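Visitor: Take a look at the letters that make up each chain.
Protein chains: 2
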Amino acid sequence: MSNEHLFIKALKGEKVERPPVWMMRQAGRYLPEYIELRNKYDFFTRVQTPELACEITIQPIDHIGVDAAILFSDILVIPQAMGVEVQLIESRGPILPRTITTQKDVDGLIMGAEAIGYLEYVPKAIKLIKKELNNRVPLIGFAGAPFTILCYLVEGKGSKTWDKAKQFCFSQPKLAHQLLQKITDVTIDYLHAQVEAGADVVQVFDSWSGMLGPNDFNEFSLPYLTKISDSLSPRVPVILFPKGSWYALEALSNTSASAIGIDWCITPQLARTMTQNKKTLQGNFDPCRLLLPIPQIQKEVKEMIDAFGADKYIANLGHGILPNIPVDHAKAFVDAVKNYKK
Amino acid sequence: MSNEHLFIKALKGEKVERPPVWMMRQAGRYLPEYIELRNKYDFFTRVQTPELACEITIQPIDHIGVDAAILFSDILVIPQAMGVEVQLIESRGPILPRTITTQKDVDGLIMGAEAIGYLEYVPKAIKLIKKELNNRVPLIGFAGAPFTILCYLVEGKGSKTWDKAKQFCFSQPKLAHQLLQKITDVTIDYLHAQVEAGADVVQVFDSWSGMLGPNDFNEFSLPYLTKISDSLSPRVPVILFPKGSWYALEALSNTSASAIGIDWCITPQLARTMTQNKKTLQGNFDPCRLLLPIPQIQKEVKEMIDAFGADKYIANLGHGILPNIPVDHAKAFVDAVKNYKK
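Which chain is which? The protein sequence lines are A and B, in order.
All letters in the first sequence, in the order written, are residues 1 to 342 by this note's numbering.
All letters in the second sequence, in the order written, are residues 1 to 342 by this note's numbering.
Do not rely on the hints blindly, as some may be mistaken.
Since the list gives no way to pick out one identical chain from another, each pair is judged satisfied if it fits inside one copy or across any two copies.
Cut-off 25 Å, straight-line C-alpha distance, at most; resulting in silico cross-link-like pairs (PhoX-like, lysine-lysine) [said to hold, decoys possible]: (1) K157 - K130; (2) K131 - K227; (3) K9 - K302; (4) K12 - K341; (5) K131 - K278.
Think of the hints as simulated: they come from the structure by calculation, not from any bench.
All of these numbers come straight from a predicted model, not from anything done at the bench.
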C-alpha cells in the first residue's frame, strides 16, 4: 500500500523514524544516465514520449535512492495545452513567441477536455512509471502555479524580476484574474488526470511568487493555490511550494495543503513558528551547498533535520539540484538523511 | 547647513513634518532628459565625464523634485578600479570578460591609491554636483556591497541565482574572504573620497545578498557591510540596502548604520518589529506599482507612510525605478509623499 511509505507518513504528520528525502529536479541534468538520453532526444521529445519520461523519472530511484519519484515533465506543458507555443532550447531557457496580454489573447486560450487531451502523454507516462516503480516509492505529480504560468505567458521568456508580468497584473487586474482562473481550471483538471493515472501526491510550484509583495501575493497567487489545493485534497496530499514567499507561511498553514515547501532563505525555526507546526515542511538545503566536501554535507544535513525535527518534515533542497553537482555529493545528501538517527 | 535638510533629519531620527523622498535610479532611464544624453554618449562616458554625471544627477532634482540627489554612477566602477575590465552594452547588462576565481586572480587585483586614483572622475563629479545643487538637497554617494561585487567578479555577468558566485564562496571560503576583504578595503577608501569631495550620506547596495540564506549572509555579507559602516559612520550617515535579506533586519539594526533599505517583500509593520524601531527605514514601494493609475499611487503612498510612520522613515521604492514608468507617475509618487499630512 502506497500509504505506508515514509513519504506519505510524513505528509500525514505521522511519527517516523527518520524524515523521507527527495530532491527537486532529481530526474535530470546532473545524472550521466539522463545526459545520455538528452544527447539523443530533444527536451519535449523526452517529456512527451512516455517511455522516455518513465525512464528518466526512475533513474534517481535506481541511482540515488530517494524516497519519492517525481514525474519528469515541465511546468510549461500547461501553456502548450492552452494553445501557446513554447520553444525550449537546451541551456537557454523557454521562449513563448506569442505572449498573452490582451482580452482577445485570454479569450482565445484552449480550455477543458481539448487542453487536457493534448496532455494525454502524461497519464500514459504515469501508468508506465507506476508499473515500473512497482510500489518501491510513491510518485509525485506536479504543475506550475497559476501566477508562475502567467509570468511566462505575459513575458514570453524568463526574467530576473518579472516586471512585465507584475505590471500586467497591477494595471489590468480584472484581465489578470480571468487569466489566472483559466490557468487554474486547466491545472486542476490536469492534476486530477495525473492522480487518476496513479500519482500519489501532487506538488504545485510557484517558482516566481516571491517577486510579489505580501499584499500582491494574497491577491494574485494565494487564492489560486488555495483553489487547486482544495480541489485535490484530500483525494491526494498536496504540497505547495511558493518559492521566496516566506511572508505567506502563516496564510499557507491555514490552507488544505498537507505540506509547504520552503527555500533556504528562512531558518527552520522561523518556518516552524510561522506555520505553528500545523503543516509538514519540505526543504530547505541551499542547492549550491551540495558542492561542499561530503563530510560537511553530512554535518549540515544532520543540523538541518535537528532544526526542523524529524516529524512533519521532508528533507529536500530549497530549489532544484544544479547541473554541476557531482553524483556522489547528491547521493551523500540523500544518504545523510537516510542515516539520520533521532 | 546640509544637516538641516529633511533627509538628514530623518536619518538622524529627528521628528519631521513629513518623510523625505527619493527614488533609487531616479537619475536615468525613465527621464527624457537622460535619454537624450544616453543617445549621445555611451554608458561609461556618462559615468566618467564629471559634467555629464553632474547634469544627470541634477535632472531629477529639477524635474521630479526629490529631497535628495544620488550620484550618477555604477557599482561596477570598483571592479574597473581594481583592474578588471567591465563592458556595459545598453539594455544587455554588464560583461566582465576576465573573471576572478583563483588565488592568482585575487592576488593580482589593484588596491589602494592606484585603484582610487583610477576613480578620480568621481570626486570631480561630486564637487561639480555640490556646486550645482547649491545646498538645495543633500547628495548621496554610493558603492556596491562586497558580496554583490564578488558576484559580478566571479560570474562575469548578471545571473538570476548567482550559483557560481555562491559555489565559489562555499567551496573556497578562505579565498572568498580574501576577495571580500580586498573589495571592502577599496570600497572604504572610495567612499571616504566621495565624502571628502562633498557627499553628505553614503548608501551601500547589496543587490544580491538576498540569494544567501541567513547563515551565509552572516558569513559572507554582514561582516563587510559592518566594516564599511563602521569606517564611514559617524563621519556621514550610512544607509545599508541588502536587497532581499529581510531575515537580517534584526542584525542590521545593531550596526552603526543610520538607515536600512528594504524591498517590497516585507510589510512595514514586520520591518519595524524586526528593527525594534532602532533605525530609520527606507523603502519600500514596489517599482512595478508605479504603473497604477495616479489616484491609486497617491492612496497607496499614504497607506505606506501610515504603516511606517512619518518619523525615522525615508519614502522610496523597494528597488530601482523601471525604464517604462511615465514621468508623471514618478512625480505623482514624489508629490504624494510631499503632500503627506501626519
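Visitor: Against each hint, give a clear statement of whether it holds in the structure.
Guide: Verification of the supplied hints:
1. K157 - K130: So K157 and K130 fail the 25 Å test inside a copy (33 Å) and across (43 Å) alike.
2. K131 - K227: Neither, since 31 Å and 60 Å both go past 25 Å.
3. K9 - K302: within (20 Å within a copy, 49 Å between copies)
4. K12 - K341: within (21 Å within a copy, 52 Å between copies)
5. K131 - K278: neither (34 Å within a copy, 61 Å between copies)
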